[in-house]
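Asker: In case you want the letters, here they are:
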Amino acid sequence: DVKVTQSSRYLVKRTGEKVFLECVQDMDHENMFWYRQDPGLGLRLIYFSYDVKMKEKGDIPEGYSVSREKKERFSLILESASTNQTSMYLCASSKWTGQGAGEQFFGPGTRLTVL
Amino acid sequence: GEDVEQSLFLSVREGDSSVINCTYTDSSSTYLYWYKQEPGAGLQLLTYIFSNMDMKQDQRLTVLLNKKDKHLSLRIADTQTGDSAIYFCASRIKAAGNKLTFGGGTRVLVKP
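For the record, the sequence lines run as chains A and B. Counting in the working numbering, the first sequence runs without a single skipped number right up to 116 at its last residue. Counting in the working numbering, the second sequence runs without a single skipped number right up to 118 at its last residue.
Derived from the structure by calculation, the hints contain no laboratory data. Hints are not guaranteed to be accurate.
DSSO-like cross-link-like pairs, simulated, lysine-lysine; straight-line CA separation at most 27 Å [what the hints assert, rightly or not]:
1. A:K96 to B:K76
2. A:K56 to B:K73
3. B:K42 to A:K96
4. B:K42 to A:K58
5. B:K73 to B:K42
6. B:K74 to B:K100
7. B:K62 to B:K100
8. A:K58 to B:K62
9. B:K100 to B:K42
10. A:K4 to B:K76
11. A:K96 to B:K117
12. A:K72 to B:K74
13. B:K73 to A:K4
14. A:K54 to A:K72
15. A:K96 to B:K100
16. B:K117 to B:K100
17. A:K58 to A:K71
18. A:K72 to A:K58
19. A:K54 to B:K100
20. A:K96 to A:K54
21. B:K73 to A:K96
22. A:K56 to A:K4
Incomplete in silico selection of chain A near chain B, CB under 10 Å [claimed, not checked]:
23. Q7
24. T16
25. K19
26. G41
27. M89
28. F106
On a predicted model such as this, the values are computed, not experimentally measured, just so you know. For each residue, glycine too, the CB sits at the ideal point set by N, CA and C.
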């Protein structure tokens, strides 16, 4: 079974703090993704990575950065948290799409509240 | 870019069939997916269909794809209370490589 884990289920931070969200997958997937989910807006892609040390911006990268030092781990960093970054953050991983359907497998999510 | 649309809400009686609909805009979609999200959880992949197929069945789930109308549906037979969740459809197009485009989700409420 594919397993994607996220470091926290719930997180409360203060405005201006630096926040790290960690994601680990155990299926040797090449691709990893960070999304945020907000009511009425569905899932929006923040950043993704298709290899170690590689990253690409998604649809809403402003205010975020990412790090992928190891294949199994993808970190999302909020450099200076703001209240409008209060959201559910979802991590996902997938195999390289040349090898099949490219379905993404999701972690349980981290609900972040910025006060 | 690709745009994926779903209706917001569906109410169904336990034991009936549910049909969740999705439309997409890009005819170069290669794979289309259905995910389920239970309260407070991540997304769980239910099934997917390759664009050269019209139908795929997996136990209580039937996926229908109408490429001409760019319409995807998920039918759940004998709907149970445990099927209450948000259902997302997603599309992968060649030009987007590894990325998926998700619809806004359909909240399904199953009434006893």
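Asker: What's the verdict on B:K62 and B:K100, does the C-alpha distance respect the 27 Å limit or exceed it?
Answerer: Measuring from Cα to Cα gives roughly 21 Å; hence the hint holds.
Asker: Run the distance test for B:K42 versus A:K58: straight-line Cα separation, threshold 27 Å.
Answerer: holds, 26 Å
Asker: Does the alpha-carbon distance linking A:K54 and A:K72 stay inside the 27 Å limit?
Answerer: Given pair A:K54, A:K72 holds - Cα atoms ~9 Å apart, limit 27 Å.
Asker: With a cut-off of 27 Å on the C-alpha distance, tell me whether A:K56 and A:K4 pass.
Answerer: holds, 22 Å
Asker: Take the C-alpha atoms of A:K72 and A:K58, compute the straight-line distance between them, and say whether it is at most 27 Å.
Answerer: holds, 18 Å
Asker: Given the hinted pair A:K96 and B:K117, is their alpha-carbon gap at most 27 Å?
Answerer: Violated, because 38 Å separates the two Cα atoms, which is more than 27 Å.
Asker: Does the interface hint hold: is A:G41 within less than 10 Å of chain B, judged Cβ to Cβ?
Answerer: holds, 7 Å
Asker: Taken at face value, is the distance from the CA of B:K100 to the CA of A:K96 at most 27 Å?
Answerer: holds, 15 Å
Asker: Report holds or violated for the interface hint on A:M89, using the least CB-CB distance to chain B and a cut-off of 10 Å.
Answerer: Since the shortest Cβ distance to chain B is 9 Å, the answer is holds.
Asker: Using Cβ atoms only, decide whether A:K19 comes closer than 10 Å to chain B, and label the hint accordingly.
Answerer: Because about 24 Å separates A:K19 from the closest Cβ in chain B, which is outside the 10 Å limit, the hint is violated.
Asker: Just to be careful, I want the Cα atoms of B:K117 and B:K100 compared with a cutoff of 27 Å; is the pair within it?
Answerer: violated, 40 Å
Asker: Can you confirm whether the C-alpha distance between B:K73 and B:K42 stays at or below 27 Å?
Answerer: holds, 23 Å
Consistency with the previously given hints fails for numbers 2, 8, 10, 11, 12, 13, 16, 24, 25, ordered from lowest to highest.
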